[in-house]
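Asks: Sequence:
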Amino acid sequence: MYNCFVNHCSSIIEECIPSTNTASSDISAVRSYIDRLKLKLQSAFDPSLALKLEKASNRIRVLTESKLNPRNSRGFFRYANSRIRAHEAIPTLRSSSKVSVEARDKADLLGQHFASIFDPTPLPPQTSTPAPNPTYPSTRLRFSEYDVYNLLSHLDGKSQTTPENIPSIFFKKFAIFLAEPLTIIFERSYNDGEVPEFFRRSIVTPIYKKGNKSDPTNYRPIAQGSIACKVMEKLIAQHLIDFLTRNDLLDQYSNSVC
Numbered sequence: 000m001y002n003c004f005v006n007h008c009s010s011i012i013e014e015c016i017p018s019t020n021t022a023s024s025d026i027s028a029v030r031s032y033i034d035r036l037k038l039k040l041q042s043a044f045d046p047s048l049a050l051k052l053e054k055a056s057n058r059i060r061v062l063t064e065s066k067l068n069p070r071n072s073r074g075f076f077r078y079a080n081s082r083i084r085a086h087e088a089i090p091t092l093r094s095s096s097k098v099s100v101e102a103r104d105k106a107d108l109l110g111q112h113f114a115s116i117f118d119p120t121p122l123p124p125q126t127s128t129p130a131p132n133p134t135y136p137s138t139r140l141r142f143s144e145y146d147v148y149n150l151l152s153h154l155d156g157k158s159q160t161t162p163e164n165i166p167s168i169f170f171k172k173f174a175i176f177l178a179e180p181l182t183i184i185f186e187r188s189y190n191d192g193e194v195p196e197f198f199r200r201s202i203v204t205p206i207y208k209k210g211n212k213s214d215p216t217n218y219r220p221i222a223q224g225s226i227a228c229k230v231m232e233k234l235i236a237q238h239l240i241d242f243l244t245r246n247d248l249l250d251q252y253s254n255s256v257c
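Those letters in the sequence shown? Residues 0 to 257, per numbering that gives the first Met the number 0, in order.
Derived by calculation from the structure, the hints in this document are not laboratory data. Just so it is clear, CB atoms sit at the ideal spot from N, CA and C, and this is done for glycine as well. Any given hint could turn out to be false.
Taking CB as the label site, the calculated pair distances span [said to hold, decoys possible]:
| hint | residue 1 | residue 2 | range |
| --- | --- | --- | --- |
| 1 | Leu239 | Arg199 | 14 to 22 Å |
| 2 | Ala106 | Lys209 | 17 to 25 Å |
| 3 | Asp45 | Leu243 | 46 to 54 Å |
| 4 | Ile12 | Gly210 | 36 to 44 Å |
| 5 | Lys37 | Leu248 | 42 to 50 Å |
No more than 27 Å apart at the CA atoms, straight line, and that leaves these computed lysine-lysine pairs for DSS-like [unchecked claim]:
| hint | residue 1 | residue 2 |
| --- | --- | --- |
| 6 | Lys208 | Lys105 |
| 7 | Lys212 | Lys233 |
| 8 | Lys97 | Lys212 |
| 9 | Lys39 | Lys157 |
| 10 | Lys37 | Lys208 |
| 11 | Lys54 | Lys39 |
| 12 | Lys233 | Lys157 |
| 13 | Lys209 | Lys54 |
| 14 | Lys209 | Lys171 |
| 15 | Lys37 | Lys172 |
| 16 | Lys208 | Lys97 |
| 17 | Lys209 | Lys233 |
| 18 | Lys172 | Lys233 |
| 19 | Lys97 | Lys54 |
| 20 | Lys105 | Lys209 |
| 21 | Lys172 | Lys229 |
Taking the hints into account, I'd like the entire structure generated from these sequences.
Replies: What follows is the structure in structure tokens.
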């Protein structure tokens, strides 16, 4: 069901959202095109797609430089700094067992390191306090369409690359139209116990921290997941907090977490 929703949204973005012949809209269109190419390259490497990605990146540079105002020194230096940072590609990575030169090998090595960071660590034992017998609600949840709309309309709206390639600004601007189908999808997903495949994905960007750049342990992951998944998580969290609060199941430690 969610895949159909994504396909419809992608078609709307592609066919129905108008663009003007300005440099800004051209840059936005090329960036969207680059995002789609990256999404395809993630599933399978294709030399022709890689070449198209390189050409599109060059097009972004030309369009951006054409907009620079020679009288605006601040804008120039901001662009210059962004170009310097953009060229700081991840170098050859070395681990105890191998040297990774190709992009795919680097991604695999960084993926192994990032996975090792998030190994579950057992929590220290906590003393339990007697609690009243809670009133357990039905295992099925109902989501409010208004709550979904409220969360969508308060998204930050920044352009973000998501697994579905649907930016948050789309959810924000069209919240009144998307709230109803998303409410149905959320309820069906939760009550049937089926998580949409896109909710399980995220786009992970390695960020250099400090030290030797060829050491994969000197990078930290920044993950961008599904916008719709984040909205659903907030709704479920609110249901959970309401239940725990209503039944007086939160102690002083869990209060600080929630």
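Asks: For each hint, tell me whether it holds in the structure or not.
Replies: Taking the hints in turn, this is what the structure says about them:
Separated by about 21 Å at the C-beta atoms, Leu239 and Arg199 satisfy the suggested range of 14 to 22 Å. Taking the beta carbon of each, Ala106 and Lys209 are about 21 Å apart, inside 17 to 25 Å as hinted. Taking 46 to 54 Å as the suggested C-beta distance range, the pair Asp45 and Leu243 conforms, at roughly 49 Å. At about 41 Å, the beta-carbon gap between Ile12 and Gly210 stays in the expected band of 36 to 44 Å.
A C-beta distance of roughly 44 Å is found between Lys37 and Leu248, which places it inside the suggested range of 42 to 50 Å. Our distance criterion of 27 Å between C-alpha atoms is met by Lys208 and Lys105, whose separation comes to about 17 Å. With a C-alpha separation of about 37 Å, the suggested pair Lys212 and Lys233 falls outside the 27 Å cut-off, and the hint is violated. Of the pairs offered as hints, the one joining Lys97 and Lys212 holds, with about 15 Å between alpha carbons and a cut-off of 27 Å not exceeded.
Distance check on the hinted pair: Lys39 and Lys157 sit about 22 Å apart at the alpha-carbon level, within 27 Å; holds. Among the hinted pairs, Lys37 with Lys208 is consistent with the structure: their alpha-carbon atoms are about 24 Å apart, no more than 27 Å. Of the supplied pair hints, the one linking Lys54 and Lys39 holds, its CA atoms being roughly 16 Å apart against a limit of 27 Å. In summary, the hint linking Lys233 to Lys157 is supported, as the alpha carbons are separated by about 19 Å, within the 27 Å threshold.
Of the pairs offered as hints, the one joining Lys209 and Lys54 is violated, with about 32 Å between alpha carbons and a cut-off of 27 Å exceeded. For a cut-off of 27 Å, the pair hint linking Lys209 to Lys171 is broken: about 36 Å separates their Cα positions. Note on Lys37 and Lys172: the hinted pairing holds, with a Cα-Cα distance of about 25 Å set against a maximum of 27 Å. Restraint check: the Cα-Cα separation between Lys208 and Lys97 comes to about 22 Å, which is no more than 27 Å; the hinted pair holds.
This hinted pair does not check out: Lys209 and Lys233 have alpha carbons roughly 34 Å apart, beyond 27 Å. Our distance criterion of 27 Å between C-alpha atoms is met by Lys172 and Lys233, whose separation comes to about 19 Å. For the suggested pair Lys97 and Lys54, the alpha carbons sit about 32 Å apart, so the restraint of at most 27 Å is broken. With a CA separation close to 18 Å, the supplied pair Lys105 and Lys209 stays within the 27 Å bound.
Of the supplied pair hints, the one linking Lys172 and Lys229 holds, its CA atoms being roughly 17 Å apart against a limit of 27 Å.
Checked against the numbered hints given earlier, the structure breaks hints 7, 13, 14, 17 and 19 and satisfies all the rest.
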